[in-house]
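*Asks:* Single-letter residue listing:
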Amino acid sequence: MHIMEGFLPPVHAAAWGLASLPFLVMGARSVTRVTREHPRAKLLLASAGAFAFVLSALKIPSVTGSCSHPTGTGLGAILFGPSVMAVLGAIVLLFQALLLAHGGLTTLGANIFSMAIAGPWLVRTLGGPLSLAVFLAAGLADLATYLVTATQLALAFPDPVSGFLGALTKFGGIFALTQVPLAVIEGLLTVLVVNLLIQYSRDDLDELAFAPGVVR
Amino acid sequence: MRRINLWLVAAVLVVAVLPLILPLPRGLAEPFTGADGQAQAAITAANPDYQPWFSPLWEPPSGEIESLLFALQAALGAGLLGYYLGLRRGESQRGRPDADRARRDALAVAARD
Chain U
351 MHIMEGFLPP VHAAAWGLAS LPFLVMGARS VTRVTREHPR AKLLLASAGA
401 FAFVLSALKI PSVTGSCSHP TGTGLGAILF GPSVMAVLGA IVLLFQALLL
451 AHGGLTTLGA NIFSMAIAGP WLVRTLGGPL SLAVFLAAGL ADLATYLVTA
501 TQLALAFPDP VSGFLGALTK FGGIFALTQV PLAVIEGLLT VLVVNLLIQY
551 SRDDLDELAF APGVVR
Chain V
12 MRRINLWLVA AVLVVAVLPL ILPLPRGLAE PFTGADGQAQ AAITAANPDY
62 QPWFSPLWEP PSGEIESLLF ALQAALGAGL LGYYLGLRRG ESQRGRPDAD
112 RARRDALAVA ARD
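Keeping their order, the protein sequence lines are chains U and V. For the first sequence, my numbering begins at 351 and goes up steadily by one. For the second sequence, my numbering begins at 12 and goes up steadily by one.
Only chain U is shown next, with the shape it has when bound in the complex (with noise of 0.2 Å):
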């Protein structure tokens, strides 16, 4: 889902940089107040930025035959809500922005917004069983980041013949179809760190009033 530095239009790079803007704004004061009003939980929040800090290094083969990522960025908007997760998802794509040359920093709005905005925001419309919706909302969240990039491509480089659309299935084969069992592994991941956190971390799940079915 990264975007290569300098591989998006100047205005489609602003443009993405305005949109992630009042996130990242929404993010900072969510991360404040949840480390004012539950000091208790501001170690899982960190970790919760862990999580996302490991799935997003680990290249994992795919049946189509390339490699790919998963965003762990599920994790922490099952947990504290979508907001937060702007600003831990954007560290983690400014550390590979700038150590590993990995995104950049022109293309650094456009990947904010796939995959620190667009995947968490989606986990909040999900419920029902605890385990099933876990798994769903974090795979969903994973394969929502790589659907946005495909159309931020397309909206970039329109296909000459076929247009937006013919772009977006270009540009979807590439990154969605890969991407659908690394969603299956982020959800399995999500629910088993879930589960460890209900198994010896009730304290802090019961401080942010964590409970099975609620959606964030």
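The hints are simulated quantities; they were obtained by calculation from the structure and are not laboratory data. A hint or two may mislead.
Short, incomplete list of chain V residues facing chain U, as computed with Cβ under 10 Å [what the hints assert, rightly or not]:
#, residue
1, VAL20
2, THR44
3, GLN51
4, TRP64
5, ALA82
6, LEU92
7, LEU118
Derived coverage of chain U by chain V (criterion: at least 3 residues anywhere in the stretch with Cβ under 8 Å from a Cβ of chain V; other residues may be distant) [said to hold, decoys possible]:
#, region
8, 386 to 396
9, 402 to 410
10, 449 to 459
11, 501 to 512
12, 532 to 538
Just so it is clear, the structure is predicted and the values come from calculations on it, not from any experiment. Every residue, glycine too, gets a C-beta built ideally from N, C-alpha and C.
We have chain U; now place chain V onto it with these hints.
*Replies:* Positioned in the frame of chain U, the structure of chain V alone reads:
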């Protein structure tokens, strides 16, 4: 719960390893390249005139340094997550004074007898 978690880990391993065992899709120039790179190549192929207008300020000088930094990223994340879960696991076990006292009393009784 513990058994479910083991199954989850097993399922993750199966989904991750299966693509390496299954036959590769036909017409693949190079197996298991990154999707990000493929998208970049598709852009360049369809728009040969497009020039990236900005380049990374710093790039890892070799594949080794790049893998070092990726490993560092994963290690930092896994380290913090492991620290957190270990800390809370320890607390949840220490946080049961009744159980501790009962065990100590039982030991004392056993020693006296």
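*Asks:* Each of the hints needs a verdict: does it hold here or not?
*Replies:* Hints, verified against the model:
The beta carbon of VAL20/V comes within 7 Å of a beta carbon in chain U, closer than 10 Å, and the hint placing it at the interface holds. The criterion of a C-beta within 10 Å of any C-beta in chain U is met by THR44/V, whose closest approach is roughly 6 Å, and the hint holds. Below 10 Å, beta-carbon pairs count as interface contacts, and GLN51/V has one with chain U at about 5 Å; its hint therefore holds. With a cut of 10 Å, the hint placing TRP64/V at the interface with chain U holds, because the nearest CB-to-CB distance is about 5 Å.
Contact between ALA82/V and chain U, as hinted, is supported at the beta carbon level, the nearest pair being about 8 Å apart and thus within 10 Å. Look at LEU92/V: its Cβ gets to within about 5 Å of chain U, closer than 10 Å, so that hint holds up. With its C-beta approaching chain U no nearer than about 26 Å, LEU118/V sits outside the 10 Å limit, and its interface hint is violated. Requiring three or more residues with a Cβ within less than 8 Å of a Cβ of chain V, the coverage given for the region 386 to 396 of chain U holds, as 3 such residues are present.
Counting residues of the region 402 to 410 of chain U whose C-beta lies closer than 8 Å to any C-beta of chain V gives 9; at least three are required, and the coverage claim holds. With 7 residues having a beta carbon nearer than 8 Å to a beta carbon of chain V, the region 449 to 459 of chain U meets the requirement of three or more and the stated coverage holds. Requiring three or more residues with a Cβ within less than 8 Å of a Cβ of chain V, the coverage given for the region 501 to 512 of chain U holds, as 4 such residues are present. Coverage of the region 532 to 538 of chain U by chain V holds in this model, with 3 residues showing a Cβ closer than 8 Å to a Cβ of that chain against a need of three.
Consistency with the previously given hints fails for number 7 only.
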